[in-house]
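Asker: Take these sequences, add in the hints, and give me the full structure.
Just so you know, the protein sequences line up as chains R and H, in that order. Residues in the first sequence are numbered from 1 upward in steps of one, following our numbering. Residues in the second sequence are numbered from 1 upward in steps of one, following our numbering.
No lab work stands behind these hints: they were computed from the structure. The model shown is predicted, which means the values in this text are computed figures rather than measured ones. Incorrect hints may appear among the rest.
As the list claims (entries may be wrong) - Cross-link-like lysine to aspartate or glutamate pairs, in silico, EDC-like; alpha carbons within 20 Å at most: (1) H:K57 x H:E35; (2) R:K340 x R:D314; (3) H:K199 x H:D261; (4) H:K161 x H:D229; (5) H:K266 x H:E230; (6) H:K297 x H:D229; (7) H:K347 x H:E384; (8) H:K167 x H:D178; (9) H:K347 x R:E45; (10) R:K332 x H:E429; (11) R:K332 x H:E430; (12) H:K353 x R:D375; (13) R:K364 x H:D399; (14) H:K77 x H:E66; (15) H:K455 x H:E421; (16) R:K364 x H:E429; (17) R:K315 x H:E384; (18) R:K276 x R:E305; (19) R:K48 x H:D178; (20) H:K266 x H:E460; (21) H:K297 x H:D324; (22) H:K168 x H:E157; (23) H:K167 x H:E230; (24) H:K353 x R:D376; (25) R:K340 x H:E419; (26) H:K161 x H:E143; (27) R:K364 x H:E421; (28) H:K266 x H:D229; (29) R:K393 x R:E403; (30) H:K281 x H:D82; (31) R:K48 x H:E66; (32) R:K48 x H:E69; (33) R:K364 x H:E430; (34) R:K340 x H:E421; (35) R:K332 x H:D399.
So the chains spell out like this:
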Amino acid sequence: MKTAPMLSSAFLQPAGQALPTTLLALRFDRASSLADLLLPTRRTENWKYSAKHLKLTDEMASSLPSDASVEAADISGYTVVLVNGVVRPEVSNYPSIEGLSIQRFSELDVDDAALAADLIGKSISDQPAKSGSVNLSQLNGARFEDGLLIQLKPNTVLDQPLFVIHHTTASHSGSAYPRILVAVGRNSQLTVVEDYVSSGDCSVMVNTTTEFNLDDGANVTSIRLNTEGQAVQHMGTTGVRQQRSSRFESHSVGFGGTLRRHDLHVRLEGEGAECKLNGVVVTQGTQHYDNHTTIEHVAANCNSEETYRNIAADKSHAIFNGRIHIHQDAQKSNANMSNKNLLLTNGAEIDTKPELEIYADDVKCAHGATIGRLDDESIFYLVSRGLSRRDAKVLLTMAFINELVDQIPVEQVRESANIGLNQFFDQAFQEV
Amino acid sequence: MATTDQEVRELIKREYEHGFVTEIESDTFEPGLSEDVIRRLSNLKQEPEFMLEWRLKAYRRWLEMEEPEWAHVDYPKVKYNDISYYSAPKRPEDMPQSLDEVDPELLRTYEKLGIPLHERAKLAGVAVDAVFDSVSVATTFKEPLEKAGVIFCPISEALQKYPELVKKYLGSVVPVADNYFAALNSAVFSDGSFVYIPKGVRCPLELSTYFRINAANTGQFERTLIIADEGSYVSYLEGCTAPMRDENQLHAAVVELVLLDDAQIKYSTVQNWYPGDETGKGGIYNFVTKRAACNGKNSKVSWTQVETGSAITWKYPSCILRGDNSVGEFYSVALTHNYQQADTGTKMIHLGKNTRSTVISKGISAGRSSNAYRGLVKFNPGAEGARNFTQCDSLLIGDRCGAHTFPYIESKNKSAIVEHEATTSKVSEEQMFLCRQRGIEPEQAVSMIVNGFCKEVFKELPMEFAVEAGKLLEVSLEGSVG
Numbered sequence: 001m002k003t004a005p006m007l008s009s010a011f012l013q014p015a016g017q018a019l020p021t022t023l024l025a026l027r028f029d030r031a032s033s034l035a036d037l038l039l040p041t042r043r044t045e046n047w048k049y050s051a052k053h054l055k056l057t058d059e060m061a062s063s064l065p066s067d068a069s070v071e072a073a074d075i076s077g078y079t080v081v082l083v084n085g086v087v088r089p090e091v092s093n094y095p096s097i098e099g100l101s102i103q104r105f106s107e108l109d110v111d112d113a114a115l116a117a118d119l120i121g122k123s124i125s126d127q128p129a130k131s132g133s134v135n136l137s138q139l140n141g142a143r144f145e146d147g148l149l150i151q152l153k154p155n156t157v158l159d160q161p162l163f164v165i166h167h168t169t170a171s172h173s174g175s176a177y178p179r180i181l182v183a184v185g186r187n188s189q190l191t192v193v194e195d196y197v198s199s200g201d202c203s204v205m206v207n208t209t210t211e212f213n214l215d216d217g218a219n220v221t222s223i224r225l226n227t228e229g230q231a232v233q234h235m236g237t238t239g240v241r242q243q244r245s246s247r248f249e250s251h252s253v254g255f256g257g258t259l260r261r262h263d264l265h266v267r268l269e270g271e272g273a274e275c276k277l278n279g280v281v282v283t284q285g286t287q288h289y290d291n292h293t294t295i296e297h298v299a300a301n302c303n304s305e306e307t308y309r310n311i312a313a314d315k316s317h318a319i320f321n322g323r324i325h326i327h328q329d330a331q332k333s334n335a336n337m338s339n340k341n342l343l344l345t346n347g348a349e350i351d352t353k354p355e356l357e358i359y360a361d362d363v364k365c366a367h368g369a370t371i372g373r374l375d376d377e378s379i380f381y382l383v384s385r386g387l388s389r390r391d392a393k394v395l396l397t398m399a400f401i402n403e404l405v406d407q408i409p410v411e412q413v414r415e416s417a418n419i420g421l422n423q424f425f426d427q428a429f430q431e432v
Numbered sequence: 001m002a003t004t005d006q007e008v009r010e011l012i013k014r015e016y017e018h019g020f021v022t023e024i025e026s027d028t029f030e031p032g033l034s035e036d037v038i039r040r041l042s043n044l045k046q047e048p049e050f051m052l053e054w055r056l057k058a059y060r061r062w063l064e065m066e067e068p069e070w071a072h073v074d075y076p077k078v079k080y081n082d083i084s085y086y087s088a089p090k091r092p093e094d095m096p097q098s099l100d101e102v103d104p105e106l107l108r109t110y111e112k113l114g115i116p117l118h119e120r121a122k123l124a125g126v127a128v129d130a131v132f133d134s135v136s137v138a139t140t141f142k143e144p145l146e147k148a149g150v151i152f153c154p155i156s157e158a159l160q161k162y163p164e165l166v167k168k169y170l171g172s173v174v175p176v177a178d179n180y181f182a183a184l185n186s187a188v189f190s191d192g193s194f195v196y197i198p199k200g201v202r203c204p205l206e207l208s209t210y211f212r213i214n215a216a217n218t219g220q221f222e223r224t225l226i227i228a229d230e231g232s233y234v235s236y237l238e239g240c241t242a243p244m245r246d247e248n249q250l251h252a253a254v255v256e257l258v259l260l261d262d263a264q265i266k267y268s269t270v271q272n273w274y275p276g277d278e279t280g281k282g283g284i285y286n287f288v289t290k291r292a293a294c295n296g297k298n299s300k301v302s303w304t305q306v307e308t309g310s311a312i313t314w315k316y317p318s319c320i321l322r323g324d325n326s327v328g329e330f331y332s333v334a335l336t337h338n339y340q341q342a343d344t345g346t347k348m349i350h351l352g353k354n355t356r357s358t359v360i361s362k363g364i365s366a367g368r369s370s371n372a373y374r375g376l377v378k379f380n381p382g383a384e385g386a387r388n389f390t391q392c393d394s395l396l397i398g399d400r401c402g403a404h405t406f407p408y409i410e411s412k413n414k415s416a417i418v419e420h421e422a423t424t425s426k427v428s429e430e431q432m433f434l435c436r437q438r439g440i441e442p443e444q445a446v447s448m449i450v451n452g453f454c455k456e457v458f459k460e461l462p463m464e465f466a467v468e469a470g471k472l473l474e475v476s477l478e479g480s481v482g
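Answerer: Structure representation (structure tokens):
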């Protein structure tokens, strides 16, 4: 039996020592737990479809420069800019609101550093996967050079969305490890937009982890937009812990690349918590996008709703893996998952795996998944009313994802998503 | 509903009805597995040379393989060297030619199981090739089958009489090294059924084989090969029970179905092996590889299974839809209670144009059991216009059991359409209330609701089996709801 390659030790050398000692110690600890681990292969269940695109060469292990110059983001509102995983206050625009604190890891005092250390890895598994292969969030824990700790005191409402721009400069090979920790107090409200962009076209890896901790009654909307360049290997992890009656909403719009992967893990730990996860993915050319979501119903009386739509064109590959896990004491759980996919060409591939794992009896769970193409009769209907075949197809494809894009509560994001989607349609439906 | 809870507990405790051991002296190999054992086995069965080579090849591959661990089941490792790989009823030199020659003890065993051998076979219109442990003992209804040109015999006999046919198709659907358990089976399979339906023949009878594991500590390794030639049809029934015993027994069977143009096979299984007692002790390990290759155009294969037994079930009857317009169907009811664990489902591999498949899976878990559906629906680039519909529903009875769904859906063809849905729920209080309001006892109400839940699958079973399936569910299920 062939053994999987090991994670190169080059990845275990973190750069940047400007961190509080607690975090340095934590990073060291994570790095030592990574030694001797294997890289995921086709046989690693979680990486079945994506392992072949994972390229962790030694030159990818080097850190990208944290002082690369970038233009200030063209966003009116609160912004925090991270360049290659390091916070850049000079191009950011922090909100100054009573009860809100945004700190970079390198500035944390002893207490806050201890809080950050406590939150890291709390909402997601930081341990090696069962198969003995590397867990990518674990790699982030071993390598982060800086990060953001966002704290919202109880009963605080952020009036505008907070944009967190992750900028990766791909002027040479290397990797970046942004880390965001969000702690939202009782009955507080926050909208975070994470925008992933890149410049340059060398092959780089962005390994990012964001963790949300929602106290009782907190309400968080997380929006994730991914428009990085083709050569970026994006490996994102989002972990969410929800306490009693809290609400979490996630909207993600992803455009493919050489490898895009997002793991979203929500734990409903307090009674009456609810979450809603929406996702849209479009891929073309030889792009690849892999979404893995897990919703854990730990406490009773929680609701979850998940809707993901994928569109794959040309020779691209889109993957969805959604798991609903109902714990033994999570009675009266309600969980719904829907995943619909559109295959536009014969060279493309879509793989989906909606899983249910249920250990409580008084639950209502359902999932549905479909893969298909545009309906010939609908196209005919539109063509018979004077639309060109191309326009008819664009319209129908747009309709397929529009109901999700429309739900994104921040107009600016909706607009940039639509710009990206229109570009996608232009290329995917060239007049024949 | 306190009283119901009480009743439930009583009912769940019901012991396995078919638990008895027939005392017949057996010709049994010493436990252990080696090339020597395989040579002895092959020699004993007077197999042609190619068969021995085939077995040895499988054995060598098996040695290099690792036991799969991905299934959602948990069991102590099987010690393959503690198993005896051959056990036959005594007096092999005097194999019974008719029922009169059959050991009356055996016949009584079958009677207890309600197998319609003898007269009952005729009445039921079923030809039974009963396998008692490893050697086929009695075969009935040979005549009408022979008249139709149908070959239905133990595979060991087929190896001697029709070696060419066996050589051509054995391992063509499930290759020797397909998976760990299939490789083990290929190396040591003891016996099983061989069916060949000639061109254009509609098999006049429903063929039926009852497998029964008997002598203690013998793993049973059945091998079934069914070949449906062009335009033929056969319905094959398989049912299983096993005596009660504390040690786990391994059962690793392989079933291969080959379908040529326009052929049709309906394969039905009722599996009721010993599931272990209420503390989870004992029970059969059922690691089965079942696969059908629809090689011909317009062929159709249909798997129907009712699984209520075994401590561990690891079974994925699959269809390879190679021929254009071929159809694959999978209907399953899997019931687990106490500490039973089942990981079962199907694979539908669409290769040909306009291939269609339907998957209906109903899982019922009670007690502390775990019941998982694991399925794969795959459309290859050539599967133009292919279609799949999958529905897997789970019913939970009790708050300590688990129900899981792991469906893999892969599509590489834009014209292919796949739909998958799954639901999980319990018997609702509204449903129970409605029934009780109308004077129906809770136990009966649950039975009704569960029967309704499974109806889609039961209606696919042949008459004879539908009756047995209903009974089985009643025993394992009735009233297991609070």
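Asker: Determine for every hint whether it applies to the structure shown.
Answerer: A quick look at each hint next to the structure:
1. H:K57 x H:E35: Holds, at about 10 Å.
2. R:K340 x R:D314: holds, 18 Å
3. H:K199 x H:D261: holds, 10 Å
4. H:K161 x H:D229: Roughly 18 Å between the alpha carbons, so the hint for H:K161 and H:D229 holds.
5. H:K266 x H:E230: Distance ~15 Å between H:K266 and H:E230 Cα, so the pair holds.
6. H:K297 x H:D229: Distance ~12 Å between H:K297 and H:D229 Cα, so the pair holds.
7. H:K347 x H:E384: holds, 18 Å
8. H:K167 x H:D178: holds, 17 Å
9. H:K347 x R:E45: Answer holds: H:K347 to R:E45 is near 17 Å, not above 20 Å.
10. R:K332 x H:E429: holds, 13 Å
11. R:K332 x H:E430: holds, 15 Å
12. H:K353 x R:D375: Satisfied, since the Cα-Cα distance of roughly 19 Å is no more than 20 Å.
13. R:K364 x H:D399: holds, 14 Å
14. H:K77 x H:E66: Distance of about 12 Å is within 20 Å: holds.
15. H:K455 x H:E421: holds, 18 Å
16. R:K364 x H:E429: Distance of about 13 Å is within 20 Å: holds.
17. R:K315 x H:E384: holds, 17 Å
18. R:K276 x R:E305: holds, 5 Å
19. R:K48 x H:D178: Cα-Cα ~19 Å, so holds.
20. H:K266 x H:E460: Given that 20 Å is the threshold and the Cα spacing comes to 9 Å, the pair holds.
21. H:K297 x H:D324: holds, 5 Å
22. H:K168 x H:E157: Given that 20 Å is the threshold and the Cα spacing comes to 16 Å, the pair holds.
23. H:K167 x H:E230: Holds, because 19 Å separates the two Cα atoms, which is no more than 20 Å.
24. H:K353 x R:D376: holds, 18 Å
25. R:K340 x H:E419: OK: R:K340 and H:E419 at ~9 Å, within 20 Å.
26. H:K161 x H:E143: holds, 17 Å
27. R:K364 x H:E421: Distance of about 14 Å is within 20 Å: holds.
28. H:K266 x H:D229: holds, 14 Å
29. R:K393 x R:E403: holds, 17 Å
30. H:K281 x H:D82: holds, 18 Å
31. R:K48 x H:E66: holds, 19 Å
32. R:K48 x H:E69: holds, 16 Å
33. R:K364 x H:E430: holds, 14 Å
34. R:K340 x H:E421: holds, 11 Å
35. R:K332 x H:D399: It holds: about 12 Å lies between the C-alpha atoms, which stays within 20 Å.
Violation of the numbered hints given earlier is absent; every hint is satisfied by the structure.
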